[in-house]
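Chemist: Chains as they are written, first to last, in the working numbering: chain A, 1 to 121; chain B, 1001 to 1919.
Just so you know, the hints here were simulated from the structure itself, not pulled from any lab data. For clarity, every value in this text was computed on a predicted model and none was experimentally measured. Think of the CB as a built atom: it goes at the ideal place given N, C-alpha and C, for glycine as much as any other residue. Among the hints, erroneous ones may be present.
What the hints assert, rightly or not - Here's a subset of chain A near chain B, in silico, CB distances under 7 Å, partners left out: (1) E11; (2) S17; (3) A70; (4) K85; (5) T89; (6) V91; (7) R93; (8) P106; (9) T109.
Stated by the list, open to error - Residues on chain A that point at chain B, a partial pick, calculated with CB under 7 Å: (10) N13; (11) I14; (12) A101; (13) K105.
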Amino acid sequence: MSFKVLIADDEPNIVVSLEFMMKREGYEVLVARDGRQALEAIRRERPQLVLLDAMMPGMSGFDVCEAVRADGAVRDTRILMLTAKGRDTDVARGVGVGADAYMTKPFSTRDLMQKVRDMLA
Amino acid sequence: MIAASLVLGVSFGYLLLLFAIAAFGDRRAALGRSVIDNAWIYALSLAVYCTAWTYFGSVGRAAGSGVWFLPIYLGPMLAMLLAWVVVRKMIRIAQTYRITSIADFLASRYGKSPLLAALVTLITVVGIVPYIALQLKAISAGYHVLTTGQQAPGLPVIAWWQDGTLLVALALAAFTIIFGTRHLDSAERHEGMVAAIAFESIVKLVAFLSVGAFVTWGLFDGMADIWSRGQTFPELRALLRLGGESGAASFGYAQWFALTLLSMLSVLLLPRQFQMMVVECVDEQHLRRAAWVFPAYLLLINVFVLPIAIGGQVIFGPGRMDAETFVLSLPLAHGAPALALFAYVGGLSAATGMLIVETIAVSTMVCNDLVMPSLLRLSGFGGRAGGDLTQQLLNIRRCAILAVLLLGYLYFHLAGEAYALVSIGLISFAAVAQFAPALLVGMYWRGGTRAGALGGLLGGFALWAYTLMLPSVAKSGWIPVKFVAHGPFGIELLAPERLFGLNGLDNLTHSLFWSLLINVGLYIGLSLWRGPSAREASQALLFVDVFERGRASGQAAPVFWRGRARLEDLTMLASRLLGANRARQLFEEHAREIGVADVRNLLADARLVDRVERQLTGAVGSASARVLVASVVQEEPLAIDDVIEILDEASQLRGYARALEDKSRSLELATAELRGANEQLQSLDHLKDDFMSSVTHELRTPLTSIRALSELMLDAPDMEVDQREEFLRIVVSESERLSRLVNQVLDLAKIESGHAEWHNTDVDMAKLVANAVRAASGLFRERGAAVELSLPDQVPLIRADPDRLTQVMLNLLSNAAKFVPAEAGKVGVVLRTDGDGLVVEVRDNGPGVPLAEQATVFEKFRQGGDAQNRPPGTGLGLPICRQIVDHFGGRMWLESESGEGACFAFRLPLRPAEDQETP
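Sequences and hints are given; from them, build the entire structure.
Modeler: Now the structure itself:
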């Protein structure tokens, strides 16, 4: 079966690389450029997995994650949080708001793909 | 005429009312809810100054000499102006050292001298007894007028046991004994008595005003009517002018001054005034109100004096009736017996008020300063003898009260008719005025000595007796008048009323002049001649510096005592004189204050001895207390050096305390500074942390793309060429972004830390701006934007680094190029002089900067626009620009309305401040 994956990141070049990877796996790919778009897409398209950038203008990834966990309809959406901030406090915060997994940028494409496959299994 | 039984009945009824009020006051005091803790009551109690002498005598004096009754009241009004300075100090001294009489005040000031106390008491008794007689006479005369409608004849014709005056005197003695000596209070305060006196002050004021109103508006048509009818009598016309018959030119200024001064001193020094103003004062703050209420009271009670005096003479005919009884005879003769009776009660209240307070004050002095010292000399009464003395002390005081009142009664009988009321009053005033130099100067001058005070008092008193008392006695017919007229043995130079040929003064002014001159002269002279002893010096210090050294100042007062004492001795002494209960309270209080749990563990040190002595002072006077304490302890005699040493110790202690305070204050200050510095460091650290976190984020973002795309290409060698090309292009541009970022972070760090290099030369901004626009023209051409350059022909050179300014210009221009709409962009560049500076503006027609972002646009990593459409940038360009402009002493700002384009501008001063000129 084909999974639906949402990529939410404000850096266009990172989106390009993530999109390429997800499509290569055969997933259906959606793209959101900021937090608000991401939340709308999650509620509308019900993706199985979200690759969520923590630092986005307006609504941050943390906010989105919180909103998803609080919304009964989309609560079970799996979330992989990506962040360019490597501080421990950021990791803790990401787990705190309910992310299923957490990866720091720059990431290894293999590790990322493995994690995505695991999460969708 | 009024029936004698009615007058007597009303009089005693009134006295019973006084008893009731006093009993009420005492009961309230016992419950701890003082009725006299009130500035109004305090002010009213001071009006005990107005005696029967005021009540009847003022009218008499006004009838005889016009406005000459006034100085007696002007003096007190003037004195009250000084109340806050002088009286407050007296109160503070008296309450700090538990002084309960004027004799004690003087004795204590001059080394607790028993001799001085006795002398003052003697002067008081001699000076005051006639005054007491005068009050009794007023009561008697008033009674006579009321019951017979006529002036009193010489002496009461009835037997003494039927004499109402004696009964009144005895009733007052009973009152005074009950409310004045109920217990041996170390503060010597009598709340019930004060309440009764305040009540009496109201009664006499209302009564006098009623009579005044009755005369002015009942018998005449107002004051103007009285004046105009008075004018028809040649005798009365003179009364309405200042200088009497011969006009204002002959006005006795000296006499007026003397009378005012005399009454000014009296209001401070008369025993009853001292008792009310100082001893009975509950709270020195009450003085503030009393300072105007009391003078207002005096003003009120004097309003009708002249109208009654003139009106009475108009009605009865000048000189036909004794003016001193006008207050009674006028209503009586015009069908208002009830008012006459009320007026009599008013007079009675004036007299009884004075009698009660004066008797308490004088009997306290007699007991403490005449009887006690004699008793202390008897064996079996000294400090080491046993037995509770409180009851004996109270009995002595009761006897003294009875004796003083009976002495007054006796004097009234012997000399009652001899002299007019007013004269006796002034003679008393002049006697107590002798206390003034030693007391008033002694409060402010440390140099005054016991010898000076004794000499001054003796000299002044002797002259008073010779020049004032003796002639008055002579005029009473007891010694030949020839003596007054021609001097003793016919020596004119020694004539009592023209001493050493001093003519032209009335006898009072004359006496006051000589007695005070000798008094002050001896006081100052003797004080200067030989310095004070140790005890005199220490007491002088305690008095003069009471506000600085007193207990209330919160600092440890020096205790001028050295020696050894045993706790048992002190306990026993205190119990004997204060009673066991109050003695125990005293020691327990002391233990609590110095933090000793068990009274038996108290150390009998100087401080405790001082405390016991003070308490005893309240009970028996300072001189007797000194003798008693000295008899149970082993004292080392103090020398003047010891006094200085003790004083040094005290001030050293104060010095230590102050130094400690200073230290702890500076420590606090240092702590606050450190805390501030720490906070600053923490916030700097926080800023740095934030900056590092932002830099990390900005570095990792391009790295992420580079790594991901490279890995993807590595994993897929068979990738389509187009795809690979796109990926490689991204990798290159992200690498560029990375190196740009690294450069700018380093640049900014250098500028901020002050390590940047500045190569300043004279810069022509017009040329520089034109060059920059030319260099950026490629960017604009790419975006299809038009640039409009507006330069003045010539601008002043400025001193700056041209490379840095070019950097600023290029940054602003490239920002403009990024944000203008494609193919429709318009960029305006303007250079202009502005006062003593140059302004450069770069204006675009892009989307502008939203208001919310304008404040942060110059902060690091705050890139404008949304991420998607945002042209590449690091978010450090504007912060660097601003740092550069700031470095040259200039300023950079943004003007923008969203949708209307943005205008970044900066201004550089032509003459930068010196410190900007750093390499």
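Chemist: Hint by hint, note whether the structure agrees.
Modeler: Here is what the structure says about each hint:
1. Hint status for E11/A relative to chain B: holds, with the closest Cβ pair at about 6 Å, below 7 Å.
2. The closest approach between the C-beta of S17/A and any C-beta of chain B is roughly 4 Å, which is under the 7 Å cut-off, so the hint is satisfied.
3. Because the beta carbon of A70/A sits about 26 Å from the nearest beta carbon in chain B, more than 7 Å, this interface hint is broken.
4. The beta carbon of K85/A comes within 5 Å of a beta carbon in chain B, closer than 7 Å, and the hint placing it at the interface holds.
5. At about 10 Å, the closest approach between the beta carbon of T89/A and any beta carbon in chain B exceeds 7 Å, and the interface hint on this residue is violated.
6. Restraint check, V91/A versus chain B: the minimum CB separation of about 13 Å is more than 7 Å; hint violated.
7. For R93/A, the interface hint is violated, the least distance from its beta-carbon to any beta-carbon of chain B being 13 Å, above 7 Å.
8. With its C-beta approaching chain B no nearer than about 4 Å, P106/A sits inside the 7 Å limit, and its interface hint holds.
9. The beta carbon of T109/A comes within 4 Å of a beta carbon in chain B, closer than 7 Å, and the hint placing it at the interface holds.
10. For N13/A, the interface hint holds, the least distance from its beta-carbon to any beta-carbon of chain B being 4 Å, beneath 7 Å.
11. The closest approach between the C-beta of I14/A and any C-beta of chain B is roughly 5 Å, which is under the 7 Å cut-off, so the hint is satisfied.
12. At about 17 Å, the closest approach between the beta carbon of A101/A and any beta carbon in chain B exceeds 7 Å, and the interface hint on this residue is violated.
13. Annotation: interface hint on K105/A holds; nearest CB of chain B at approximately 4 Å, less than 7 Å.
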